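J.: Single-letter residue listing:
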Amino acid sequence: MAVIADTPPRPRRFRVGARALPYLLSLPALLVCIGILIPFGTAIWYSLQRYRLSQPWARRMNWGQNYVDFLSDPAFWNTLQVSMVYAATAVVVQLVLGLSIALLLQRRTRLNNVISIMLLLPLMTAPVLASLMWTLMTNANFGVLSWAAGQIGFEDMRWASSPRTALFTVLLVDIWVYTPFMVILLLAGLRSLPSQPFEAAALDGAPRLFVFWRITLPMLTPYILTASLFRLLDAIQQFDIIYGMTQGGPGNTLMVFQVEAYLNFFQQTNVGRSAALMMILWAITYALSAVFIKQWLRLRERARGEV
Amino acid sequence: MSRREQDLVDAWLRGRLDRRGLIKGLGALGVSAAGANALVGMATTRAMAADFDWRAHAGTSLRLLLNQHPYTDAMIANLGAFRELTGMDVTFDVFPEDVYFDRVTAALASGSREYDVFMTGAYMTWTYGPAGWITDLNEWINDPAKTAPAYAWDDVLPGLRASTAWNGVPGGELGSPDAKQWCIPWGYELNNVSYNRGMFDRAGVAVPTNMDEMVEAAAKLNRDIDGAYGVGVRGSRSWATIHPGFLSAYANFGQRDLNVSADGKLSAAMNTPESKAFHAQWVRMIQESGPRDWSNYTWYQVGQDLGAGASAMIFDADILGYFMNGEGNAMAGQLGYAPFAANPAASAPTPNVWIWSLAMSNFSQRKDAAWWFLQWASGAEHGLFGATEMDFVNPVRQSVWADEGFRSRLENSYPGYVNQHDVSAPGAQIYFTAQPLFFDLTTEWAATLQRMVANEVPVDEGLDQLAASVDRQLRDADLG
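These protein sequence lines are chains R and F, in that order.
Counting in the numbering used here, the first sequence runs from 1 upward without gaps.
Counting in the numbering used here, the second sequence runs from 1 upward without gaps.
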């Protein structure tokens, strides 16, 4: 006679040891890291090779010769210079403009709220579309900006097609697209600042300029650093606007890292040089990030009174 | 099909009647245009199937990678005929030209088996061929068991057959006996003058026949015609700036891009005194009479300006002038065409050609079936359909160019077009030196041209710098 248990079996529970749990929880992050590290490692590997898709017979390890060649390559130094000038100018101008606009919009009024939302519109435009719009607006035959320039005496303004004004033109587009990004971050920072220091300054009758330089700006610095870091990293890797408007020309006027690496890979199929360029861009980006983050941490510690 | 309709179709199949005449005759018998086209399709299919097993791969499905282009439109419009003839299915991805070649490079470099056939230009095969990404099509062309007797490979213009064949040796002659046929010419462009007849009449300017006359005519048109500049040529920082009008004129003066020594070493050839003189003239023409934002000009802007009446003439692909004369353009019906030999001492034009071609992926799992498609798509029947029913110009086959219906259609709507083609076709070929650094060197050439036009560097100095850089790159790549 079979004996039937009168209590149902307990569901088996999967138990994870306390020591294994942290590893299990970090598994998704590890997988993401692997997804990043494999292409990164591949790029390093390629950058150490003489590797042209059009000359497969000549592929071999050259152990850093691509990097050594950069030292004597004027095109590389031009790329470095153009990238730096472009990124620095874009960030500085956008910071000044962004801060000015954020200060104007600081008070929560209905008009300011509407303007804040409208300012987001350029940011919602894909940069490559923005470059197309600006290319049309600066067209010598029918562009509205060319017409406007003609009205104020610049009849022969050639915008992105002249080496003298190409940098100015692409910066204009960059500023148009990304200044709202600065505005949003700085506005959020301004509105989150504690009100007590400002109230105290008002009671003391401190002039506005004094309040700005001695209270607003120091308290806003972590936000400024964060916004500048994001923009700098983005600007030094600029591709869409420059490629869309000039393909890096005229001549080599706007040959920044990303455009140079893209042309090296997709047009010239020079995988080794392209990968080496991208590794150098990564190193610059890493170094800049490290400097910014160090400064940001120092400011945070100062704010907590730890320094 | 009635007896009289059958007779008409048979006459067309025997070549005694052109396609236009056939459709007109069928119309006279009360057959509608759509019905006539269907009859022609059926008859073509029957005739083609008579001496070759077109259905050997029935049931196979092919996938194509295509560029957005009127050639593609013509092929897609006729795909039903291919499906009916072979029992094969065809699917395709079409991308705009801005991103097309990136897609091709990505697909081939990754060894993807997704695509069997793709569109390409001959220059690209100088990368794809040595990389092992595409197949030498001689294997199929020369195999009578796999190629229809009516395919007539020799019917394709000789300069185009040669231009798409290379032995893979840097500096090797195109079309040499040991050359591999990397792709099949499909449609092509040669570079001549397309001009606005009204503007030339108003300015009292004759159509230029050489470089001196072009510089002079462009300057006068620039002065005399309000709202339009003299001459449109490409100027973007791309190899595509060098290959059309610029190289066609350059080659006409007997100049080369590279020298090939007896031991096969390559060296720059663009800083000779003759080359410098030509460059100086070209630069002056752009500065005096070209578009103001020339350095951003691709084929698109060059064509658009001519079609919109913003330029008086272009020295670029003849088919660009052809399309700008069509409906939807402000200057539709007002354009003319002329052959152009830049060198006054030259006996004929030497247009450097761009050849849209079809290549077979080396990673295809259905190569025989892909060849069945290739020979249909590049065959005379489809060529004639495209040329007469669609905008498949310029056809690559001599038999299509000989078709009276096609010629008279061009003569009526595109004055001078047939003549400029016939005069130029014998000299139409690729004048670049085939070598793996083609895109590196020609892009740098375009960038140097931009600097010259912007007066950033004098012509002589710019060309010496370019030649030094080219030589260095060739040495680095073990080619010089």
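These are computed hints drawn from the structure, not numbers from a lab.
It should be emphasised that the depicted structure is a prediction, and the values quoted were computed from it without experimental measurement.
Built from N, CA and C at the ideal position, the CB exists for glycine as well.
One or more of the hints may lead you astray.
Claimed, not checked - Which stretches of chain R does chain F cover? Using the computed rule of at least three CB atoms under 8 Å from a CB of chain F, they are: (1) 51-60; (2) 134-142; (3) 210-222.
J.: Now tell me, hint by hint, if it's right for this structure.
T.: Now the hints, each set against the structure:
1. 51-60: holds (count 7)
2. 134-142: holds (count 5)
3. 210-222: Violated - the region 210-222 of chain R has 0 residues with a Cβ nearer than 8 Å to chain F, which falls short of three.
Checked against the numbered hints given earlier, the structure breaks only hint 3 and satisfies all the rest.
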